[in-house]
Amino acid sequence: MYFWILPGKEKMSLSRFRAILLEELYVTRHSLEVIMDIVFFPVMNVLVFGFIAQFLIGSTKSNAGNALLAGMILWQIVYIVQYSMSVSSLWNIWSRNLSNIFITPISLKEYLGAHMLSGLLKAIISFIFFGLISIYIFNFNIFNLGIINLTLFFINLTLFSWSTGIIILGVIFRFGTRIQALAWGLIFLFQPLTAALFPVRILPHILQLLAYLLPPTFVFEAARNSLAKPGVNWEMFFIAVIENIVYFMLTIAFFNYMFKKAKDTGQFARNEG
Amino acid sequence: MIQNVLEVKNLVKNYGSYRAVNNISFNVERGKIVGLLGPNGAGKTTTIQMLLGITLHNGGEIRYFGKEFTKYREESLQRISFASSFNTLQGRINVMENLMVFAGLYKVKNAGSKIFELAEYFEISTLLKQKYWDLSEGQKSRVNLIKALLNDPELILLDEPTASLDPDIADKTLSFIENLNRKNSVSILYTSHNMNEVTRICDEVIFLDMGEIVARDTPLGLTKRIVESNLILTFDGERKKVENYLNEKKYKFSFPKPYTVNIEVEEKLIPKIIFQLGETGIWITDIEVKKPTLEDVFLDIARKGKNVAK
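In order, the protein sequences belong to chains C and F.
This note's numbering puts the first residue of the first sequence at 1, with every later residue one more than the last.
This note's numbering puts the first residue of the second sequence at 274, with every later residue one more than the last.
Hints were generated in silico from the structure; no laboratory data involved.
No residue lacks a Cβ here, since even glycine has one placed at the ideal position from N, Cα and C.
Heads up, some of the hints might be wrong.
[Said to hold, decoys possible] Covered by chain F, per the in silico footprint, the following chain C stretches (three or more residues, Cβ under 8 Å):
no.: 1; stretch: 102 to 111
no.: 2; stretch: 160 to 173
no.: 3; stretch: 254 to 265
[As the list claims (entries may be wrong)] To give a feel for the contact side, a few chain F residues facing chain C, derived at Cβ under 8 Å:
no.: 4; residue: Ile366
no.: 5; residue: Lys380
no.: 6; residue: Ile397
no.: 7; residue: Leu401
no.: 8; residue: Phe526
no.: 9; residue: Ala575
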């Protein structure tokens, strides 16, 4: 078996895939916490940064305000996808339901795949919503970046967030809920490192080198460039995609190892107390 | 031909240097109910976790329906299920939603009508729209059982399924399990601390202690391994005479009350004792024979270890 492939030879089942999506929908619908985390806080972020952007546009007459708001809207994709990947399993661990799910015939591919799709759907819906907010409140249309640009940005930001989410999930499975804060905290480490809200050149040189190892950096740079001079930066897209593919393969290998270790040490079953 | 739905061969689990399960082997035949008993820390939970694939074993083999579990995980898990009083479902969503999710995971056809049917039997139809975390422990146990029955399993692993049920529902649940076993030949691996339940429903009992199988037999067969019964006699007359007789015959005895004696004796010697005591002029007013129960076997194993019941 290749290390970057999830175990299991079984054919994916649409029914099981749908069941996980259904659970996601039910939990999201019934949980004020989820609504707060993936709707309220992101909306507040967009609003606050929208107003800061307005202030910057008024006082500096530059494009910095729009770049800031675009960065914040695009950042929400990273946040929502990663949050969805990591925290969804925590809801089941807290309910002591995760092992119930894993004693059904569901495979890791189906389980992770369904959560990946769920995160992507949430991010798309949220992005459209934030886009509309920014049009109506701040007179800034992020959709002007163009469908090609937005699709490419989505591909790279989502791939990165899936990887981050799966890594955190692996760590939670392996070490239990004592490190659960990573699920909603770790991603913020990447906000400055990927230069989501400012040009990479602002970062100290050493951090710039680090930033270019992170795929979202290319997305945020490309978005800012495109705001100043419309167009698609394929070079940045491909660099980010290659990085993402490498990271995703390493992520799956890491997750496989952590999952196996969690089952070997008994931690996976113990996670639910 | 006997068909094993589950075969466990030389199963081993180590946690670091601690061996939680030591080389255990057993089978569950189609249509049989097998009890897996043992004191806390005996290795029951670890064994069940390995049987369900959520804990990896270090050695040995698990085969469901003749196929190796690790190679045929999906097929095996589609045909078995698990319910426990201690596992819970997703608390934030309602009962129907929870069961629909599991119906999807097991690819159940006509899931809605099946859930309604089972909910009716277990008297929780009115709870289907309630959030799972609002249910009482007993109600949760019933929902867990319904979840375990959704995929028409051929083998069910039940971990203390009646632990938090009131006697009426517990009895109903046991009857349901018995019916399921009788009518559909569903096999069951059953753990419980309620020895009456185990005696009632199990065809075979496996005792685990310190990770090893220390006894395996029918419930009756296990109780027969404890040869001594308790003969409790209440008498009218001189206690000294009774004491002298019992000392002379070297029986083990005690006096729980001044004129009541408890004699630990092999069952076959009971008529002889009663007769001989009568001959000494003692007037016996009450006779009670307490035969060993599965509980006694359990206590023997738990207190004295593996040498007792073998």
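A quick look at each hint next to the structure:
Requiring three or more residues with a Cβ within less than 8 Å of a Cβ of chain F, the coverage given for the stretch 102 to 111 of chain C holds, as 6 such residues are present. Coverage of the stretch 160 to 173 of chain C by chain F is violated [criterion: at least 3 residues with CB-CB distance below 8 Å; count 0]. Only residues whose beta carbon comes within less than 8 Å of a beta carbon in chain F count, and the stretch 254 to 265 of chain C has 4; three or more means the coverage holds. About 4 Å separates the beta-carbon of Ile366 (chain F) from the nearest beta-carbon of chain C, less than 8 Å, and the hint is met.
Residue-level restraint check for Lys380 (chain F) holds (minimum Cβ-Cβ distance to chain C is 4 Å; threshold 8 Å). For Ile397 (chain F), the suggested interface contact is broken, since its CB lies about 18 Å from the closest CB of chain C, more than 8 Å. Residue-level restraint check for Leu401 (chain F) is violated (minimum Cβ-Cβ distance to chain C is 13 Å; threshold 8 Å). A least Cβ separation of about 48 Å between Phe526 (chain F) and chain C goes past the 8 Å threshold, and the interface hint is therefore violated.
At about 23 Å, the closest approach between the beta carbon of Ala575 (chain F) and any beta carbon in chain C exceeds 8 Å, and the interface hint on this residue is violated.
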